[in-house]
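Once you have looked at the hints, place chains Y, Z and E on chain P.
Protein chains: 4
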Amino acid sequence: MIVIMKMNVTADDIAAVQTYIESHGLQTHLSTGQERTIIGVVGDKTAITDGNILRLPGVERVMPVSRPFKLASRDFHPENTIVTVGEHRIGDDQITVIAGPCSVESREQLFAIAASVKEMGAHLLRGGAFKPRTSPYSFQGLGEEGLHILAEARDRTGLPIVTEVMSPEELPIIEKYADVLQIGARNMQNYALLKAVGRSHLPVLLKRGMMSTIEELLMSAEYILAHGNSQVMLCERGIRTFETYTRNTLDINAVPVLKELTHLPVIVDPSHATGKWNLVKSASLAGIAAGADGLIIEVHHQPELAMSDGAQSLKPRRFGELMERLSRIASAVDRTVQ
Amino acid sequence: MIVIMKMNVTADDIAAVQTYIESHGLQTHLSTGQERTIIGVVGDKTAITDGNILRLPGVERVMPVSRPFKLASRDFHPENTIVTVGEHRIGDDQITVIAGPCSVESREQLFAIAASVKEMGAHLLRGGAFKPRTSPYSFQGLGEEGLHILAEARDRTGLPIVTEVMSPEELPIIEKYADVLQIGARNMQNYALLKAVGRSHLPVLLKRGMMSTIEELLMSAEYILAHGNSQVMLCERGIRTFETYTRNTLDINAVPVLKELTHLPVIVDPSHATGKWNLVKSASLAGIAAGADGLIIEVHHQPELAMSDGAQSLKPRRFGELMERLSRIASAVDRTVQ
Amino acid sequence: MIVIMKMNVTADDIAAVQTYIESHGLQTHLSTGQERTIIGVVGDKTAITDGNILRLPGVERVMPVSRPFKLASRDFHPENTIVTVGEHRIGDDQITVIAGPCSVESREQLFAIAASVKEMGAHLLRGGAFKPRTSPYSFQGLGEEGLHILAEARDRTGLPIVTEVMSPEELPIIEKYADVLQIGARNMQNYALLKAVGRSHLPVLLKRGMMSTIEELLMSAEYILAHGNSQVMLCERGIRTFETYTRNTLDINAVPVLKELTHLPVIVDPSHATGKWNLVKSASLAGIAAGADGLIIEVHHQPELAMSDGAQSLKPRRFGELMERLSRIASAVDRTVQ
Amino acid sequence: MIVIMKMNVTADDIAAVQTYIESHGLQTHLSTGQERTIIGVVGDKTAITDGNILRLPGVERVMPVSRPFKLASRDFHPENTIVTVGEHRIGDDQITVIAGPCSVESREQLFAIAASVKEMGAHLLRGGAFKPRTSPYSFQGLGEEGLHILAEARDRTGLPIVTEVMSPEELPIIEKYADVLQIGARNMQNYALLKAVGRSHLPVLLKRGMMSTIEELLMSAEYILAHGNSQVMLCERGIRTFETYTRNTLDINAVPVLKELTHLPVIVDPSHATGKWNLVKSASLAGIAAGADGLIIEVHHQPELAMSDGAQSLKPRRFGELMERLSRIASAVDRTVQ
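Residue numbers (this note's numbering), protein chains in the order written: chain P, 523 to 860; chain Y, 523 to 860; chain Z, 523 to 860; chain E, 523 to 860.
Simulated from the structure, these hints should not be mistaken for lab results.
It is possible that part of the hints are untrue.
If several chains are the same, the list does not tell them apart, and a pair holds so long as it fits within one copy or across any two.
What the hints assert, rightly or not - Derived lysine to aspartate or glutamate pairs resembling EDC-like cross-links, with alpha carbons at most 20 Å apart: (1) 717 with 601; (2) 717 with 691; (3) 567 with 557; (4) 717 with 692; (5) 528 with 601; (6) 592 with 691.
This is chain P alone, in the form it adopts within the complex:
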């Protein structure tokens, strides 16, 4: 931690800051510049916060030096974490493709889509049974019946299931059916939920909040890791910006940044990141070209009848075309699809 003093402070002000810091068991280190004095702080900072020091007379700014995440950091865990789901290894050389509808709507719907994406080469099946919807009047998902249908689709296709958990109370029932727990963007800082999935035996796909920084995403992953679950995948799904032509802005920079800062696998969600089916292919290819470990893509056989996210769902034929192109891009960055 570095404390920057205001210009023209007195020697007494500086001494008082040092005394305060040292009284909390830390050491200080003075550096006197032309305009300002800065105080380096060495030791365990759990006893005091930036905000405390900012309140001392003469202090202008306090800057952290260490990163606040440890378990998620590549500094402390240099090799890639590989998350294993069934026989599939996520975070390895092979690209992972998760596909399926936004919501489970019916047996017929899910079975049709699951069969298609399986045939086109998807590795996992997505589908929501409990749905976070902006409006209380929108379709809220089929609930446990949806989980049932997902499990049946897994039996038919062999594809492991990724489904969202919205509340600690739903977790026990979802754990009975799911292979991967998804935490949605709106719940990225729902700490009760993070702690709950941190105690689960299932891998977690943690989506970045639409206005959360990369560091905050890693801090939310840290919650899960700190509660005992090391099987965490991060998902860049677009952030909210001033641009309204697309639903969100895919932060493609976040892909190489995350690969540098953390050992956890990075998945891109081109469907939410664009909000428009005709942009999904470009965003998918860009994601893999930038270094992502996988994609999670919304597919629907009848998007004009979908109960949610019809605008951004690919039809199976388009998804198949994307898979072919994806193979070529993966190979151009020395990776493979299946």
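Using the frame of chain P, we list chains Y, Z and E on its own:
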């Protein structure tokens, strides 16, 4: 709902869109311009979504006409909602001031602060027992013990208590102690929690998410109202922007906008909206000048020792000065502070 | 400047950074923490940039300590700058109100509006002759004829004139007519223009870019000051955020922040900051309550016929009501309106 | 244009809006829904603006239907525009790579870099002689001497030159040396400059402002096209968001969106879009995978001594590695690099 067709579409495309819409029990209304055809849609739109229509050939854009919130809308409820807490009426001519520490840290701390803010003229006491913290390693609040201390402080001062609920599981215990339930910014779209407090008998202070639009805030209020709780207050607490000099950007425009769109009381949180104690006074005065019904302000008697939000907490003396100035501003907009 | 080294760097890496910095005539100061080494840099940093040091092996981050603006800084110029326009002193206890139409449209239009705002108590008259318009097909202003009309309005009312300059080439002609030069938000970083007005004898009203930080605004002011013109006023006119209900988001926090960081007067533009006439009053009152030295407000006698900004222009009667309320708010913060 | 009336308006209000619109030579078209009436407006809207109609009693919102750009629109010009520079065709199947230093610093510097990037396969040489700098105290470029050096580098390598023009006054001298005129992000809405380059015979590389929407970028292109210059290339160079880990956020979605909306070539600037040399490769590959026609990349042989943008410049060896990888990505999307 209005459907805008692409340029140069065929008459068949237009007819197909009309047929699709009418097959869902709605009426259509054609308007042919110089460049484009637009189709007005009249009737109950719960059967189809924007996303469905966007998938039909030739459709360029779909624009909503009606607002998605009803119970929260002033269109359907023109007179102000007054939320009553003890003898205090929030949303009336009188300005409400909620003050207290970020976190309940100890009996001594809370009693000292509660006595001060009571003396300076605060109407309600704030204090967190369950704390949402970015880091799993930060102080997470005293839990039920904190609630106990809050109740004791209420007994001593007569100030009703506002405290945060982070999860549906915590609600029963918090309801035993609290007078007002606070939903924090990070949980504004935690729908399980919104439904739970929607079934509570206690008033709710709903904070705007730092990444949420005014309309989304109103949709989250709609969740609470639709589940049966009509005692909802909205809180503008600053949004996230590109400006990093302050912790958040107080969206002062949101105050008159909300007063226009909704009948619910509007509270401003100048502490989180600025992140710096020395900006709190300006933000508070601006909030009331702009038409807010009240303020929620962090106060700490020893901010250099506070376990959270030390940088943005006012000392009691400063809070007292603010209360005096506030009276004058309130009077300038024909309102009063007690 | 502070250099933060990566974890686990070698002593040679550290020594190489020190050697590099010292070879540019600066001194270094080492502080060895538990995880990382930081290097304080003391001396004149014009010879090297952050970017240069970032390229040395083992360097993780470089953080500035000093602020990059000097002439604009209150650290070096503690007392307020007062900008004098005619007999009016801007930045003093008295609040300044600049009012008038977005564009000069005709003699009749400007004379009618000028007479109204004069009568209601405005101190300066605004009006654009050269207009920055997003579309090349929109009305681009009357040009020099507009300046003529502005000068005539000044003769009739005694109100000094504020008008925008968009290009160094227009400056000589505008200087012949104007009392204050306005730099628009889109030109805040048009450095050729900043240098040109820096050499002018007229005061400058510099508007913040819609996505410019407070520090960037001060750096643009620094350009003008460094080229010899000390009569600079800053204008907060709303920033661009994700919220689309209003045209811009008034960054009300910027008012007290600017008053703290700089000695230059701060003006708020509630018209552009909201984009809607019915929000202008609230934003104006909030601006003065937060500590601004003045307001610049769009007024039009026939907004339904205005050639630009009709939606956000006040009618004279509404402007008059605002002026009355403004007096009361000014008095509540110990200031006056005329 | 569509006018949405407020709920509960009177028939007289509706009639008055119709009368107003029709009095300006337009036709209206009424559609009466359950809650609201909407009025479609057909005809030439140059006589009235959205803002005018918004001022009429009972009007809630006004929504545009047509896009405001025409010459830049693919609707009116379906085939791709190919910009020819020397023998190089930009916007064709072949990917264009523009490389070179941020600033021309000296003869030796530019010649060394030019020779390297030529050898590695770049097609055009970039380099700034007139530099837009946030600080008035930073290096402002070599001016005409820099242009001279650029011309010499062209003679030696055969690479055409791309250089920035900051002001209409500089245009004549820059036109004597340059092959492509660059408009920087900060000048995207400097309309005097857009008009000036619109009259030039040289192609223009127009960078998106860091605060500008895709539509605003196209409107700025429209300015250039409307003034007679059809040789315009668009450049996505990152936008400003809340994320501060990177200098800007590369809006990768903008690439396919622009390719859909306009016929103009689209170039990605991975250097400014990331601000960090180690992210440039990922951003470059993502840009081409997403459909961009080319890249503009900062390269410096001694970034630790660069006078600007050292942090984001690739060394020639890294640039060479990128070019190799780029070939493979280009081929995966059925394009080529030379």
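Cross-check of the supplied hints:
no.	hint	result
1	717 with 601	neither (25 Å within a copy, 42 Å between copies)
2	717 with 691	both (12 Å within a copy, 13 Å between copies)
3	567 with 557	between (27 Å within a copy, 12 Å between copies)
4	717 with 692	both (14 Å within a copy, 14 Å between copies)
5	528 with 601	between (43 Å within a copy, 17 Å between copies)
6	592 with 691	neither (29 Å within a copy, 29 Å between copies)
Checked against the numbered hints given earlier, the structure breaks hints 1, 6 and satisfies all the rest.
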